[in-house]
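Trainee: All chains should be modelled from the sequences, with the hints used to inform the complete structure.
Mind the numbering: the sequence shown is residues 54 to 363 in our numbering, read in order.
Just so you know, these hints were derived from the structure itself, not from any lab. Computed from a predicted model, the values in this text were never measured in an experiment. Beta carbons are placed, not taken as given, at the ideal position from N, Cα and C, and that holds for glycine. It cannot be assumed that every hint is accurate.
Pairwise CB distance ranges (calculated) [to be verified]:
no., residue 1, residue 2, range
1, A247, G227, 45 to 53 Å
2, A247, V288, 19 to 27 Å
3, R123, L257, 52 to 60 Å
4, I224, A180, 17 to 25 Å
5, P255, L133, 52 to 60 Å
6, D207, S106, 23 to 31 Å
7, L363, G322, 20 to 28 Å
8, P132, P185, 43 to 51 Å
9, L318, R111, 53 to 61 Å
10, E244, P132, 52 to 60 Å
11, E277, P229, 27 to 35 Å
12, A332, R111, 53 to 61 Å
13, R206, R93, 17 to 25 Å
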Amino acid sequence: MNSIDAVITAVDAGSDDLASLDLNLLTALRALLQERSVTRAGARLGLGQPATSAALRRLRGHFGDPLLVRTGTAYELSPLAAGLLAAVEEALAAAESVLLGAHGFALAAARRTFTVMASDGALALLAPHLLPVFAGTRGLRLEFVPLTDPAVRDADATLRAVDGLVLPRGIVAGHPAEDLWSDEFVMVVAEDSALRAETMTPKLLGGMRWVSSFHGPSVLTTLESWGIRAEVQVVVPSYLAMPLVLAASPGHVGLLQRRLAERLLALGGIRILPPPTGAGEIRMAFWWHASREREAAHVWLRRLVASIQL
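Mentor: The structure is reproduced here in structure tokens:
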């Protein structure tokens, strides 16, 4: 049984009026199951909470099932909803391909919100290239959402809920991805720091006070790969905050990806120091869920992101 048959069978089991379950309601079903929240699903669909709640009530009536079950302060999928999620995703992707036919993604007429999860550092590199394209459209919206450790740990659930996840290779497995750019870590210090490239030694760096962002690979893991044993003294909530903190403290040192660090030099107050020899390459990639593979709008987004030249 293919995905469309699976959805039709499930709907048919819950209602005698299959024709009353239109494509818009299936779209609402997908958003509700992926977001597990009426508020977030409504924002994604461009609907108010009353309209989204009405769609959920109608879907519950069709399926004879709560679909979303409250557990504490959050909602979880019912067993039926969990079984429906993948089938609904694939069915809607297939339906879109059929409806668009050979015309592909109709950019001029499209109404769609694309959601991309990325660190603020990756956002700073991507946004200048993406925004001019979106500015030339009427119905497209781009929403960046913050990258979090729980989202990375449960990458499958995350990729069902967003259109893409920007992360280095080696963190996510089992999902399709498109390489974006190569990078490397560099050290960043205050402009008036006494630390100089020609005098750096592993022992000296190990005695420095380090600043870390909670995003991305652990600073300690990276330093250990360089033969440096150190301790993190300060944790900041974002990559973009790091140069502001470092500029005010000559006694601290942080790690940033080189491409971002070079752009942040314009803020003033910081210097870049090279990594030790053989520090290793970072390959940034755009990850998505396989259920979106044939979705014409998503294909357009992937091609746009892949075309970016940093």
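Trainee: For which of the previously enumerated hints does the structure constitute a violation, in increasing order of number?
Mentor: none
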